Amino acid sequence: MWRWFHKLGSPRSFYLISNRLLPWLGAAAGLLLVVGAVWGLLFAPPDYQQGNSVRIMYIHVPASILAQSGYLLMATAGAIYLIWRIKLADIAMQCVAPLGASLTFLALVTGSIWGKPTWGTWWQWDARLTSTLVLLFLYLGVVALRSALEYRESAGRATAILALVGVVNLPIIKYSVDWWNTLHQPSSFSLTEKPAMPAEMWLPLLVMVIGFYCFFFTVWILRIRSEIIQRESGTEWVRGVAGS
Amino acid sequence: MKFGPMKPHRRQRLMVVGLIVLCSSAAVMLAMMALEENVNLFYSPNEIVKGEAPVDTMIRAGGMVLEGSVVRSETDLTVDFVIGDLVAAEVPVRYTGILPDLFREGQGVVARGRLTPEGVFVADEVLAKHDENYMPPEVADVIARAHENETPAGESGGQ
Amino acid sequence: MRFESFADLLSMSGHGAFVWSAYGITLLVLVVNVVWPLLTIRQRLAGLRRADAPGVVEDP
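Residue numbers (the working numbering), protein chains in the order written: chain A, 1 to 244; chain B, 1001 to 1159; chain C, 2001 to 2060.
Since the hints were derived computationally from the structure, they do not count as laboratory data. Don't take each hint at face value.
To spell it out: a stretch of chain A is covered by chain B in this simulated footprint if at least three of its residues, at any positions, have a beta carbon under 8 Å from a beta carbon of chain B; those stretches are [said to hold, decoys possible]:
{"no.": "1", "region": "35 to 49"}
{"no.": "2", "region": "75 to 83"}
{"no.": "3", "region": "87 to 93"}
{"no.": "4", "region": "101 to 112"}
{"no.": "5", "region": "116 to 127"}
{"no.": "6", "region": "153 to 165"}
Just so you know, these numbers come straight off a predicted model, no measurement behind them. Just so you know, even glycine gets a beta-carbon here, dropped at the ideal spot from N, CA and C.
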C-alpha cells in the first residue's frame, strides 16, 4: 500500500497511470452526464409543488456535492504536502482550486435560478447560501495566493495552510440548515433514512452525482498532467512525451 | 524512502496540521456561537409571541401558514394570514403584493417586515419556504385522497 | 417522456427560462473546464517540441 502510494507520488508514474485511466473516466463522465441530464429533463416527474423547476435539482445538487468534496480533497492534498512534502500533492492541491471554484459558482448560480421560481428570491443571506459563498471565496483565495507567491515551495505551504483553515467551513455548510433558521430546506438525503423523494427522482439524481464525480476526476487529472508537463519540462521523459 | 513508524519531523508536521485545523475550527465555532442570533435568518412565531423580536424594526419572521387563515382583500392585493409553529404560537401577518407560486396554506414562509406594537407583522416581502420532500403530482394526489378517506369529512382542510 | 411536444419541453409550463438557463450555464462551465486544460497541455507540448527542434538538442 505504501509503495503504491509512493509510486503514484512520482509525477512520471502518475502521468503513465493516468494515461490508461483517463479515457475510461472521460467516457464514463460523458455518458453518465448525458443520460442523467436527458433523464432529469425529459423523463423524471415534475414536483407536486415546484412543477418543472425541480429539474434544476439534477445539476444543482451534484454541483454542490462536488464543490464540497473537492474542497475536502484539496485540503487533504494540502495536508499530505505539508507532512510528507510530496511534490504531486502540491500539484494536486493547486489543480483542484479552479475546478472547485467553478463548481461552487455553478452551485450558487443554479441555486439562485432555482430559488427565484420556488422561494421568490434570487438570493438571501441565509446561513447555507452564505457559507457556500464563503466556500467560493476560499477556493479563489487559494488560486490567488498561489499566483501571488513567487517561490513554489512557500506558495505550496501557504496555500495548504489556507486550505486547511477553510476546512471548518465544510461542516458549517452541511449542518447550517439544521443549526439555524434558514430559507434553504434541510437535506433530502441521509445515510440512515430513506430519501425524501421517490426512486424516479433520486435515480437520475444519483446518475448525475456519479457523472459529476467522474467529470471532476477527469478534469482534475487533465489539470495535473498539464502542470506536470510544465514543472518537469526539463526531464527526458516529458521530452519523450512531447516528441511522440 | 521508507515508510514504517513515522519519522519524528513528519509526526511533528502532522501535529502542526492537526493544530491548524483544530484552532481555526475552534475560533470560527466560538464566533458562530457569539453571533448565534444573527446567523438565524428569521424569528419564529414562538420568539415573536414571547416578545423576543424587536418592535417596529426591519426583521424576518418565518413559520407555517395556518390552514384556513388566508384572507384575500377584495379590493387590492392585500392578504392577511396567520403563521404558526409547532409550539402553537400564532402571529398575524398582513402583506400587500404578489405572493410566490409556492405560497399555500400549510406551507412554510419567510416574511420580511416590521412588527407593530399590536403584534401584527406587516410584511413587504413574502418568500415561500419548501421542505425537503419531493414527489410527483400523481403521488401527492394519491396521498391526499388516502388522507381524505381516513379523516372524517369536514376535518380535512387545505387544497 | 413527460412532455407532449417540443414547445411544451421548451416552456416547461412556465419554468422553461429557469430550467434551460441553468442547464445552459452548466454546460458552458463544464465544457470550459475540459477544454482549458486540453488546450494548455497541447500548447505546452508544442512548446517543448519547438525547443527540441533540430539543431537545438543532441537527440539522435
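Against the structure, the hints come out as follows:
1. 35 to 49: holds (count 5)
2. 75 to 83: This one holds; 3 residues, not fewer than the three required, reach chain B with a Cβ under 8 Å.
3. 87 to 93: Violated - the region 87 to 93 of chain A has 0 residues with a Cβ nearer than 8 Å to chain B, which falls short of three.
4. 101 to 112: The restraint on the region 101 to 112 of chain A is violated, since only 0 of its residues have a Cβ under 8 Å from chain B and three are required.
5. 116 to 127: holds (count 9)
6. 153 to 165: With 3 residues close enough to chain B, the hint holds.
Violation of the numbered hints given earlier is confined to hints 3 and 4; the remaining hints are satisfied by the structure.
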